[in-house]
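K.L.:
Take any residue in the sequence shown, note its place counting from 1, add 127, and you have its number in my numbering.
Restraint ranges, calculated between C-beta atoms of paired labels, are given here:
| # | residue 1 | residue 2 | range |
| --- | --- | --- | --- |
| 1 | N211 | S166 | 28 to 36 Å |
| 2 | P167 | R223 | 30 to 38 Å |
| 3 | L241 | K175 | 14 to 22 Å |
| 4 | A208 | H240 | 24 to 32 Å |
| 5 | D254 | T168 | 38 to 46 Å |
| 6 | P227 | T168 | 37 to 45 Å |
No farther apart than 27 Å at their CA atoms in a straight line, the calculated lysine-lysine pairs in the DSSO-like style are these:
| # | residue 1 | residue 2 |
| --- | --- | --- |
| 7 | K190 | K226 |
| 8 | K226 | K175 |
| 9 | K190 | K175 |
No lab work stands behind these hints: they were computed from the structure. We put the CB at the ideal spot given by N, CA and C, even for glycine.
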Amino acid sequence: LHGSSGRPAAPSSPIIPPKRSKANPDQVVPEPPGPGRPSPTPPVFIRKMRNSAVGTGCDIRLKVTVAGDPQPSLYWYHNDALLNMENQEYGGLWIRDCKPSDAGLYTCIANNHLGEARTSAVLAVLDLGEGNICTSNSSPGFTNNLIHARKKGK
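Work out the full structure, taking the sequences as your base and the hints as a guide.
P.N.:
Now the structure itself:
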């Protein structure tokens with residue numbers, strides 16, 4: 128019985144060379160930004176409010192789109208009075224069953240710890256008479272066209 132085949136035994140692990148090659152200490156490798164984590168930025172309105180008109184009894188949604196990191200807080204004002212934003216979604220202000228008292232200047236202020244941005248628009252509430260047509264999703268463009276069509280028809 129021979130315990131050896133005549134070949135040298137294979138090493139059990141690869142030979143690791145001594146630590147010779149080190150990274151060049153003068154070479155700076157930039158750290159990639161974290162995935163999905165932009166650098167902090169102050170608020171900026173991407174979509175600002177536009178002047179609008181709506182018929183009495185109709186609904187309208189004033190809408191903004193704002194960017195910023197961290198996400199800005201939004202504050203809505205009607206004629207400089209802070210509005211209660213309970214049951215409102217971020218970026219929009221629904222005004223239901225519009226009355227003449229809802230007319231005026233609306234302002235949205237966005238802020239985070241890096242800054243503040245604001246946008247304002249005027250809302251006109253018009254009495255369109257008996258045949259007033261409302262939709263549950265009035266948009267400023269639709270309402271403006273409706274008002275012009277009503278005026279022309281008189």
